[in-house]
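Enquirer: Line by line, the protein sequences give chains A and B. Each residue of the first sequence is one higher than the one before, starting from 1 at the first, in the working numbering. Each residue of the second sequence is one higher than the one before, starting from 1 at the first, in the working numbering.
These are computed hints drawn from the structure, not numbers from a lab. Hints should not be assumed to be uniformly reliable.
Just some of the chain A residues that point at chain B, by a computed CB distance under 10 Å [said to hold, decoys possible]:
1. V274
2. S275
3. T276
4. W277
5. G278
6. P279
7. H280
8. T281
9. V284
By construction, the Cβ of each residue, glycine as well, lies at the ideal position given by its N, Cα and C atoms.
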Amino acid sequence: MTPTSQRPVRSGFDRWGIPILAVGSLLPLFWCLPDFRALFWFGDEWDQLDQISTHGFAHWTLGFFGENFAPIFKLVWGSVALGSGGSYFALIVTVWLAHAVTVGLLGRWLRIAGFGCVGTAVAMIGFGFAAANVETLGWAVQLITVLGMLFFLAAGQWQQAREQGEGWNPRSLLVLGLLTALSSFSFVRGALTGLALTAATIWSLWAKRRGPGAWIARWKVALVCLLPGLLSAGLIAKFAGGNHQHLAAAGWAPPLEYATWYFLLNPLHRFLDVSTWGPHTTLVLGAGKIALLYAGWRLATPTQRALLVPLLVFDLGNALLLGLGRHHTGLLTTTTSRYQYVSLLATVPFVAVLVDAALARVGSRRPLAALIMAGATGGVSWLALSPWPATMKSWADWRGRQGRQTLLVELNPPATGAVPGIDFMPTTKAKELIERYRLH
Amino acid sequence: MAMTTGKVLQPGFPRGWGLLGPVLAVIAVWLALLEIPEAPVPQLDASWQQVLVHAHEQQAAFGNGIIFTAGPLGFLTSRFYLPDSLPLKLAWEFGGKLLLAGVFVGLTGFLGRWRRVTVILVTVVLAPLFSDVFYTVLLTLLVLRWLMSGNRTRWHFATALVLLSFLAQLKFTYCLLAAAGVGLAALEHLRRHQSREALVLLGGFIGAFLGWWLLGGQNPIRLPDYFRYSWAISSGYPWAMSFEESWPVFFAGAGLATLALLVLSSMLRAAPAPRGEVVAPVLFLAAVWFFTWKHGFTRADGHVLGFFLFSILIGIALADLAPALHRRWFEFVAPLGLFGFWLAEPALLRSAPGGMVDRFRVAGFHLLHASAIRPDFAANFAARSRTHELPRLRAAIGQGTVDLFNYEQGLLFLNGLNYRPRPIFQSYSAYTGSLLQKNAGFYRRPTAPDFAIVRVGSIDERYPTQDDSLVLAELPTRYDFMLQEGESVLLRKKASAPAGELRRVAVAEHGVALGQEVAAPDAAGHPLWLEASFPLSWIGKLRALLYRPPQLFIVTTDSRGQEYRHRVVPTIASTGFVIQPMVLSSEDFADFVRGRGTKALRSLRFEPASAAEAEFWAPGQVRFSQLPELPLAMINPMQALVDAGICNVAPDSVTSDTTVEYITLPAARRALLVHATGTIAFTRPEPARRLTGEFGLTEGAYTGANRTDGAEFAVEAEDASGRTQVLWRRTLEPLTTAADRGSQAFAVELPPDTVRVRLQTRTGAKGDGSWDWTYWGAIAFQP
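Whole structure, please, built from the sequences with the hints as guidance.
Expert: Structure (structure tokens):
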């Protein structure tokens with residue numbers, strides 16, 4: 001048990017700043033409220049509704065969603081979809097609330113790991129406010145990703161707090177296992193949660209040069225982290241469809257290529273709104289990202305590295321799994337907007353390290369410190385927030401207004417190809433679902 | 001220099017050598033650099049060297065009368081010379097270079113024994129392979145050791161200023177580097193609150209620069225123009241002159257550049273306090289190294305050797321130049337440079353030691369027989385004049401002033417013509433808007449030359465009418481076609497010509513993406529002028545800054561559907577060039593001057609060098625304009641063959657698997673090379689009963705390393721029912737049969753029912769088409 005005198009002191013930033021920034025991450029929702037209200041059911045969502053109506057809610061919850069086994073997500077998503085009386089906006093609000101919690105958890109974890117207030121704020125703003133996340137936050141089915149990362153962050157900050165503080169007991173292990181399981185069963189790539197947290201544990205032991213006794217004691221932690229992910233991965237590998245079933249035929253090269261491009265290009269390509277795309281752009285942005293990661297790692301303290309390790313492992317694992325599952329869609333899709341959420345989350349803490357290191361270097365030189373603070377927070381805020389209006393306008397036209405016009409307003413829409421994002425669903429089917437669940 | 005303080009060196013040469021060591025070193029370096037001047041030849045590089053000598057003889061004003069990458073004293077480094085300047089050149093070779101060799105050896109005195117020996121050995125063996133390196137290294141050491149170093153004497157200081165300002169007159173880029181070195185040294189003095197020393201430094205350099213400028217026969221009033229246009233020609237160089245290297249050479253160069261960056265940053269970090277003293281030398285070394293990288297890898301043919309060689313020499317010197325460095329991995333600079341050199345030119349590297357021995361032998365021979373240099377030069381000059389004589393042109397031009405487009409000015413010197421060059425005297429160098437305007441302005445004045453010789457062609461597969469685009473477009477309004485001799489079109493100045501620019505009337509403008517086909521608009525009987533601008537994307541700009549700009553290509557399609565792919569220089573394309581008629585040969589240009597064309601443009605598109613390079617470009621804009629002051633009548637391209645005297649009836653078609661082009665036979669007879677397998681098809685003109693002509697394989701097909709196995713020539717007749725018979729056939733094997741060499745004659749009687757006649761060329765018995773450079777000429781249908 002850590003003596004009271006050695007516990008980190010909660011500052012005003014911890015008490016107020018983090019919650020304010022977490023709530024503040026809802027700013028784009030209010031800023032572009034008309035566009036968010038215009039959004040409508042799209043693509044996979046129609047398919048999920050169809051499955052609910054065909055198989056029943058309970059059966060659907062425990063079924064596979066593409067290559068995902070995500071009963072937690074289905075429970076939440078389905079409950080809100082049906083419980084709100086078919087309101088799509090209610091789902092959007094759910095996504096944003098989950099996102100705000102995720103942002104708050106990120107901030108909390110960063111503070112537990114010893115990040116400074118300014119670095120934490122920069123990371124929370126860069127991740128939480130970014131218009132690059134438009135697809136994750138503007139398509140309700142992406143609640144799957146938000147939930148997965150929410151529980152991952154909860155597990156991560158729980159783990160680091162225990163390892164820096166009171167240590168492990170059965171209750172804390174149970175909580176860790178529960179959070180890891182929630183992540184693994186919310187999102188296919190949530191299976192990486194266990195792996196990432198196990199890596200964090202191993203790294204901590206190695207970095208602190210602990211003896212064999214400490215390693216043995218930690219096996220429980222590793223087991224608790226890994227089991228849910230292994231179970232989820234096993235179920236998916238065995239029963240779910242997807243490219244992983246045809247790996248032998250495809251070979252490893254295309255997935256690896258896709259994974260490499262994804263890792264190198266994101267999140268800088270979207271976040272900086274880079275207009276070019278190709279091998280040279282990938283090399284330059286990739287070199288920039290690797291330089292950022294390297295610099296952040298070199299300047300980080302051991303406790304900060306205990307946070308960076310699981311995030312980096314998650315990012316790399318995410319890249320590999322995306323390569324496996326999405327290589328057939330072409331390299332151009334590596335910078336799709338819905339892939340930015342995880343990449344941004346994994347990268348912003350490295351930026352936070354650099355900001356904190358810069359402030360530490362200037363020390364008591366107030367004007368310079370103020371300049372760094374203003375520059376970092378202002379710059380990241382502008383980069384993250386400024387694209388929202390234009391992005392959301394075109395997003396809502398495509399993912400909302402067109403669908404509403406076709407399915408809710410037009411008297412005689414085409415028989416096929418009219419359901420937004422899901423060409424094979426007959427329009428009559430969509431109208432049945434609208435009728436049944438009072439979709440709006 | 002502060003970087004070397006605190007280190008106990010063992011400079012000089014190995015013990016026991018005494019004074020002999022430095023003397024031998026000076027002689028070795030001098031002999032390695034020694035270059036006996038040669039008589040002119042018409043090739044590109046030789047031509048600009050001769051023009052520099054000519055400019056010196058004519059006291060041409062640099063910055064106005066002549067604009068090039070060289071300065072007023074650049075003629076001293078020319079290898080190809082003119083007779084009147086020979087004594088000055090020999091004085092430079094025997095005196096000036098000896099002095100420079102002595103200074104160079106002296107500058108290396110700070111090096112440890114074996115490093116000094118190695119640097120001198122590498123200089124002697126390798127530096128002559130790329131002479132720019134010697135001057136760059138000399139300049140670098142002058143700045144670092146005799147200007148910035150705390151150990152310098154007044155003598156060193158003064159010599160450095162004099163030599164730096166001298167080198168600045170050889171080449172504009174040396175001027176920039178010297179100015180950077182002097183500027184940084186002055187800033188260092190100011191940092192130490194030594195303003196008097198800074199003023200002396202700056203004043204001394206400027207004074208010495210002006211002194212050399214005046215000695216070079218230049219007017220100081222021209223200095224602003226000199227800097228302005230030299231900057232234009234230097235800054236435009238990467239856009240116009242880029243040349244790709246192989247991937248291994250690129251990776252070696254990029255690796256070495258990265259290593260250099262690490263070395264320089266380590267120099268700053270490793271230097272003992274106060275670190276401020278190290279900043280100026282490190283910045284200067286960074287500037288020079290960056291310059292050699294850009295210079296080497298912009299036109300990455302043999303120029304890459306400059307970067308690798310410079311890196312080798314600096315790499316060897318690094319340990320003593322910056323002793324605070326940890327030596328382990330920085331010692332890789334020199335070996336990596338050597339590796340890069342080997343990747344780029346393995347044969348040259350292998351032959352370098354033998355080449356050094358040859359150079360010493362030749363230099364020794366000339367030193368012992370110095371009195372024979374001038375007579376030998378005169379004899380070579382006379383022989384080369386005979387080889388490259390242009391009798392018809394010479395007779396027509398007489399003593400009139402003449403300029404030449406494109407880059408073979410050596411022809412003018414060898415034919416004793418009265419050369420009046422335009423300021424950017426080789427067309428491929430007029431690659432920015434300001435440079436194009438400068439040349440155009442020259443031709444708009446009454447002092448424009450009486451005659452102009454135009455030889456259409458360019459370098460690097462450029463679209464020909466880009467080079468000197470403004471002048472070429474205006475030539476038809478100022479000059480008349482006189483005659484064509486071989487590839488040279490002679491134009492004579494009109495008695496009166498318009499004073500201003502050619503008028504342009506816009507007819508179409510498009511936003512356009514790379515790869516997008518754009519149809520040529522109808523210009524209603526006038527030529528079309530094309531302006532195209534393709535800005536770089538952010539990553540294209542990054543590439544241009546750190547490496548070189550990407551290349552751009554234009555694919556033009558003529559009215560027959562034939563596509564042509566050429567390089568386009570973006571900085572020229574934004575000013576514009578004639579795109580219709582399509583002028584791709586001297587014959588096409590001769591037609592253009594006479595208001596007609598044989599190749600009409602149907603459409604065009606712009607392409608990157610490869611699909612992967614598309615990301616370097618942002619969408620562009622093209623504008624087509626009509627040139628209303630120039631008439632244009634499109635004529636049957638086959639008619640051009642009649643005009644050229646190749647046949648007396650226009651053929652229906654000319655086809656070949658490989659090449660169709662005009663060639664010149666002895667006595668300046670034009671013929672048509674139709675590479676086997678090829679066909680010239682005619683419809684028999686009604687009264688014709690007989691067909692005669694000449695045929696053969698060009699001399700180049702069977703001389704030197706070229707070994708044609710022979711080719712078959714045949715004349716076939718086709719009647720109205722389509723039945724074909726061979727009227728005449730002959731196989732030539734000039735490699736083995738002497739009688740088959742040179743031009744041969746044929747004569748066939750045409751059957752009365754002949755409708756079509758075909759002249760066929762086919763490969764020889766072995767079916768190998770290599771070097772089957774078959775031609776036809778003087779084809780005549782007779783009654």
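Enquirer: Given W277(A) as an interface hint, is its Cβ closer than 10 Å to any Cβ of chain B?
Expert: 6 Å, holds
Enquirer: So, as I understand it, the hint says P279(A) touches chain B; can you test that by seeing if any CB pair is closer than 10 Å?
Expert: Interface hint status for P279(A): holds (5 Å vs cutoff 10 Å).
Enquirer: Hint check: is the beta carbon of T276(A) less than 10 Å from a beta carbon of chain B?
Expert: Where the cut-off is 10 Å and the nearest Cβ of chain B is about 4 Å from T276(A), the hint holds.
Enquirer: Please verify that hint: G278(A), Cβ, nearest Cβ of chain B, below 10 Å or not.
Expert: With a closest approach of 3 Å, the G278(A) hint holds.
Enquirer: Classify the hint on T281(A) as holds or violated, based on whether any CB of chain B lies nearer than 10 Å to its CB.
Expert: 5 Å, holds
Enquirer: Under 10 Å is the threshold here; is the Cβ of H280(A) close enough to any Cβ of chain B for the hint to stand?
Expert: 6 Å, holds
Enquirer: Classify the hint on V284(A) as holds or violated, based on whether any CB of chain B lies nearer than 10 Å to its CB.
Expert: 6 Å, holds
Enquirer: Should the hint that S275(A) touches chain B count as held when the rule is a Cβ pair under 10 Å?
Expert: 6 Å, holds
Enquirer: Does the closest beta carbon of chain B sit nearer than 10 Å to the beta carbon of V274(A)?
Expert: This hint holds: V274(A) lies near chain B, its Cβ roughly 7 Å from the closest one there, short of 10 Å.
When held up to the earlier numbered hints, the structure conflicts with none and fits them all.
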